[in-house]
Amino acid sequence: MARPATSADPVLELDHVSINFGGVRALEDLSLALRAGEIRGLIGPNGSGKSTAFNVISGIYRPRRGEIRVAGRSVVGLRPDQIASRGVARTFQTLRLFQAMSVVENVMLGTHLGARAPSPVSILFGLPASRRFEKEAHERSMAVLEALQIADYARETAGNLPYGVQKRVDLARSLVANPSLLLLDEPAAGLTGAESHQLMELIRKLHAERAFTLLLVEHDMQFVSDLCPRITVIDFGKLLVEGTPEEVRENRDVVAAYLGTGELSAGAKAGHGVASKAPAAQAPVLEVKDLDVRYGAVPALRSVSLGVASGSITAIIGANGAGKTTLLSTVSGIVAAHRGQVLYKAADVTRLSCEHRVTQGIIMCPEGRRLFPDMTVHDNLLLGAYNVTDQAAIRTALERVYALFPRIAERQRQQAGTLSGGEQQMVAIGRSLMAEPTLLLLDEPSLGLAPNLVELIFETIAEIRKLGCSIMLVEQNAAMALEVADFGYVLETGRVTLSAPALELKARSDVIEAYLG
Amino acid sequence: MSQATWATLAAIAVFALAVWAAQAQLNPFYLQILGLLGINIMATVSLNFAAGFGGMFSLGHPAFMAIGGYTAAILTYPVAMKSMRIPGHPDWLLQLQLPFLPALLIGGLAASVIAILVGWPVLRLRGHYLAVATLGLTVIVQVAIVNLVDYTRGALGLSGIPGLTNLWWIAGFLVLTIFIVYRLVHSRFGRALRAVRDDYVAAQMSGVHVARTRLIGFTIAAFFAGIAGGLLGHLLRILTPGQFSFSAVFLGVAMMILGGMGSITGSILGAVIMTILPQFIIPLERGGSILGIEVPALNGLTQIVTALILIGVMLVKPAGLAGAKEFSWRPLFGLSRQGKRGGSA
Amino acid sequence: MSELSEFLQHLANGLVLGFLYALVGIGLSMVYGILRMINFAHGEILMVGVFLALPVSALGAPAWLVLLAGIAGATIMGLIVQWTIYRPLLRSPEVTLLVASLGVSLLLQNLVLMMTSPQPKRPDPAPFLDQPFRLGEIVLRNVDLAIVLIAMAAMLVTHLFLKQTRHGRALRALAQDMSAARMMGVHVPFLVMICFVIGSALAGVAGVLIGYKYGHLTPLSGFLPGLKGFVAAVIGGIGSFPGAVVGGLILGLLETFLVGYLPDALAQYRDAYVFLVLILVLLVRPSGLFGKPESVKV
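Chains as they are written, first to last, in the numbering used here: chain A, 3 to 519; chain B, 4 to 348; chain C, 164 to 461.
Derived from the structure by calculation, the hints contain no laboratory data.
Hints are supplied without guarantee of correctness; some may be wrong.
To be verified - Taking lysine to aspartate or glutamate pairs in the EDC-like style, the calculated list, with each CA pair at most 20 Å apart, reads: (1) C:K455 x C:D434; (2) A:K207 x A:E249; (3) C:K326 x A:D376; (4) C:K326 x A:E148; (5) A:K240 x A:E69; (6) B:K328 x A:E158; (7) A:K291 x A:D350; (8) A:K508 x A:E438; (9) C:K455 x A:D376; (10) C:K376 x C:D287; (11) B:K320 x C:E257; (12) C:K326 x A:D381.
Keep in mind the model is a prediction, meaning the values are calculated, not measured.
Produce the entire structure from the sequences given, and follow the hints as far as they go.
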């Protein structure tokens, strides 16, 4: 912290920032600068490092390398509350409200760093200084609540309120602190089109009044493009492109980062198109009707209906936050549906527990692999066959998995947590095959893998179909998913917006729009 | 001054009247029970400050009561008896005999000092770990008292403590404790403390120094526990390590959760119920005849009832009797219609 | 006694004590690993087990039968507690489970107090166990040897169960990632029951062995072993089976050496030292020897 700050300094500066989590490079050499009063969007595919960037700026994590400066002064190594005192405020993707406190009290926390905090003596005896502080804090908070049109909820307990209101409380809490730098983490998540439009207008108005600098992380491309004159795109923790919304949308690297690239070998494509008719034409192995799923107050799926044809590979694609994982989790039984039905082999399994569905043949291979890190590869695989008691069947299944993935056969006795990403994905898929699934749910199998491994995984997926298993595949890498799938659905903010045979979807440009706005 | 303030002052006046009447009319046995009641309320309210409002589930409160109690008792102990019974102390202390109030306050301070020393490393821990670590503090303090015989008279207990307290002292400190805790909870500090309890990451982003806030809350709670301990010693005129053992931990937790964590009103309720109720149960413990039926001695019945309350509340209504609600004059005076919008609560 | 002999004597005594702590700690560790709760009533389950075995001993049964009775008693008690109280509270906040387990601890202590006479009890003497056992200059009793052998056998059986059977694997998986385990079709309530059965059974073993070794049984006899078992589990890394074993041995040795080598005045604080060790470990390396640090999720 050698040089003193000047008024020409950017409000926020990231200078070659890097941070690792375990073996994963969450941010790599990221540099970024925001001028005073700028509104900047920060976007990138799932796992690209956006949240990590926010957490590093706000001091929750400390970068391994690089500098972060707020108004010219370094903030690396400072505690989050110290960084907050430099005029930085943020909202959280998961809201993080003070659930047991009232709305106005939540917002009044934003005044904590206000001027002239009253002394303990003053507090104890209710002296004028403390009463003045409380009055001012209360008035400022109510003013912000009015501006966000939620003043009527002031005395309600924060935890009991609908999602949309809670989001505004989070926003109010950070606004009342009158920050010079405001970090908004997915402010439009879970909002309907009309709600997010309202929010955008609100942010514009407040920005005009208060002239703060704003850095915004969002998945809703429409929102970002309309609000931010300039956008920074990151992928794999690295800076990809920086420019206007139009420039970003047309940039090939950005399109590739979001939709993926790649082609399958000819061999893998054989058998493709076998089930290219719409699922309703044949007896579907899975049908989902009018599914409504919520996480507490947050809506994740709205009236979703789709089907998986028997023996087919059905791809579910869409931007992050669209609800793809929620869909798979509901089908597998981990998450309960609010409304709607899940029909498996024509039987209603909506209220059936996850464990039960596994015995029926619905097997989930979760996002991020979720291996048991301290157990060996062998043990992980055996766990996949937990409900299978026939030792011979288990042995056969093991042989089949090792034949499919020779690389992990060599590492049988190795602890699963020490394997590379690609190997872990192989083990994860292998584990889900151990119980001979009828319906295999694959959640983002290519996430975080290098391109050559991605191809290998997808070729394996094509192989698995030959075993007679139906597959429901969720992928961010739309290109590869549509290569291997027979039929596809596009999800956008919890709704199905497109459905067509995979070959058709590949050619359509509105798929790109679904991702990039 | 607002209507609510007048009402509160009136209530305090009525309370003072009640104390005067009790002091004048009741026999010593009932007076002592009322005294214990006041002390229990103080202990519970202060425990709730740290655990309910601050989210720091501490099982070490008896330790702070012990420290405050023994410190105050040693300071007021008659010089003549000191050298005989607790000769281990340094000479200047053996010659010293302080009046009640300073001794009491020093006892509270002693508890606060230990709270800072212990709290600074230990408060980083969360949930169950903090509970066990603070339980360890209770064990350590109890073992220390038992073994430092020359300083505390060990397991025999320190008897002959001057009876310097009465219902007025206890009532006075009780009102003070409730007043201070209430004002703190509804202040900028109290908001920060509750924010740390609810979500410390978000609290940090609002500019709250988490470690310092927790430590201050913990220390304040310990101070009042120390005062309560001092009052206890001078009320019963004897202090033994057995008073600050696991039973004390359980009782304290029961009083707090029965009333409801995060509510001062709840703590008062819980303490009242758990102090009065055992008075009806203790006779049963000794056995005898009730309504003509012979009942055998049921040793430990009080504890069993305490345990059943602990378990029952968790199973049926974990929020306790009062939940997180606080007594307010508002409904009585219809202030909600014309009063100020919001207010600091 | 020469210095070396004294050292070896302490070593032997410490190991014996350590095996007892290990037996208690394993159950606590496993339950915490899966449910993220400290079962404060674990020590009481141990105590109930041995108290239920006392009448069997009074009838003149051989020691091994008393041991089985203790195991059965503790296991049944553990199952009852888990089924009636912990299971309904599975999804409650941390504090609720903590308070409930405190309540169970208090309840069991006082139920036993109410139903038995106040004198300390011991199992009927088993002369074989009381006989001295010499290893060079080290003097032990047969009961000490029995403790080591039985504890090792019990731990071996548990280890084999965890490693080789499908339920044992599922148990290990549950501790690492509960929701991924559910995706494998693991039925969580059933496995939680098995977890309590194993932990309680081991506690039952420890209880009877403590009864034969120390003989001074009261309703409060379970509380301190329970807490010390927890300290052992923390030292080794809570949630880890080998951790609990190693932690138990370390704690047993530590306590014995401290008491053995410190002057009498300081040696009386043995229980306090154990908690000081706990606090130190929690501050310096909360994940223990074999555990993994828990990270903040934002």
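Tested hints:
no. : hint            : in the structure
1   : C:K455 x C:D434 : violated, 27 Å
2   : A:K207 x A:E249 : violated, 26 Å
3   : C:K326 x A:D376 : holds, 12 Å
4   : C:K326 x A:E148 : violated, 61 Å
5   : A:K240 x A:E69  : holds, 15 Å
6   : B:K328 x A:E158 : holds, 13 Å
7   : A:K291 x A:D350 : holds, 11 Å
8   : A:K508 x A:E438 : violated, 30 Å
9   : C:K455 x A:D376 : holds, 10 Å
10  : C:K376 x C:D287 : holds, 12 Å
11  : B:K320 x C:E257 : holds, 15 Å
12  : C:K326 x A:D381 : holds, 9 Å
Of the numbered hints given earlier, the model fails hints 1, 2, 4 and 8; all others are met.
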